[in-house]
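Using the sequences and the hints given, assemble the complete structure.
Quick note on numbering: the sequence shown equals residues 2 to 159 in the numbering used here.
The hints are simulated quantities; they were obtained by calculation from the structure and are not laboratory data.
All of these numbers come straight from a predicted model, not from anything done at the bench.
The reader is advised that the hints may include incorrect statements.
[To be verified] Capping the alpha-carbon separation at 20 Å, the derived lysine to any residue pairs in SDA-like fashion look like this:
hint	residue 1	residue 2
1	K154	S63
2	K93	T118
3	K154	G111
4	K93	L155
5	K154	S2
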Amino acid sequence: SACFNCSIYPIYFSYIIIADNLTSNSAQNLNMRVGTGSTPTYDTGSNYGYVRFLYYSYATTSTTSILDGATGGTSAIIGGVYNDATSNTSLKVTIFNPSNSSAYKNIEFGVFARNSTPQYIVYNGNLTYKSVTPITAIRFYPASGLFATGTFKLYGIQ
Numbered sequence: 002s003a004c005f006n007c008s009i010y011p012i013y014f015s016y017i018i019i020a021d022n023l024t025s026n027s028a029q030n031l032n033m034r035v036g037t038g039s040t041p042t043y044d045t046g047s048n049y050g051y052v053r054f055l056y057y058s059y060a061t062t063s064t065t066s067i068l069d070g071a072t073g074g075t076s077a078i079i080g081g082v083y084n085d086a087t088s089n090t091s092l093k094v095t096i097f098n099p100s101n102s103s104a105y106k107n108i109e110f111g112v113f114a115r116n117s118t119p120q121y122i123v124y125n126g127n128l129t130y131k132s133v134t135p136i137t138a139i140r141f142y143p144a145s146g147l148f149a150t151g152t153f154k155l156y157g158i159q
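See the structure below:
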């Protein structure tokens with residue numbers, strides 16, 4: 002997994018996470034969880050409400066659809082990560098006002114992936130972390146296994 006443990010401070014209003022060249026041991030979902038507190042503790046409760054939109058194209062076929070969503074998931078499935086030689090997944094995640102202690106937190110995500118079919122896949126979505134507890138950490142991880150390659154960067158915006 003890729004973790005930013007206790008990297009989210011109240012000095013910034015929002016955070017942007019950018020990742021590129023993500024591959025994994027096997028093709029699977031790309032998940033995200035938030036952490037709270039100074040340890041941090043990653044929330045595995047039913048506090049993730051989200052919706053994902055899927056756009057993909059391969060050969061002569063293109064599709065646009067509301068892929069899925071959850072009103073109380075134990076993590077947010079924000080996209081896919083693949084394992085073949087020509088695969089590549091990139092993402093951008095924005096966390097709005099993570100230190101707010103009086104409102105739920107909004108997170109926006111966009112994921113672009115290419116696999117060997119080739120399919121060009123775009124996931125866009127929005128997530129509400131349904132807790133007033135400030136977010137202090139964030140974790141990205143494949144549904145199982147490990148990332149094989151990839152770079153994550155975290156930027157704070159005042």
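How the hints compare with the structure:
This hinted pair does not check out: K154 and S63 have alpha carbons roughly 31 Å apart, beyond 20 Å. Between the alpha carbons of K93 and T118 the distance comes to roughly 24 Å, so the proposed pair goes past 20 Å and is violated. Between K154 and G111 the alpha-carbon distance is near 15 Å, which keeps this suggested pair within the 20 Å criterion. A hinted pair counts as satisfied when its Cα atoms are at most 20 Å apart, and K93 with L155 qualifies at roughly 10 Å.
At most 20 Å may separate the alpha-carbon atoms for a hinted pair to count; K154 and S2 meet this at roughly 14 Å.
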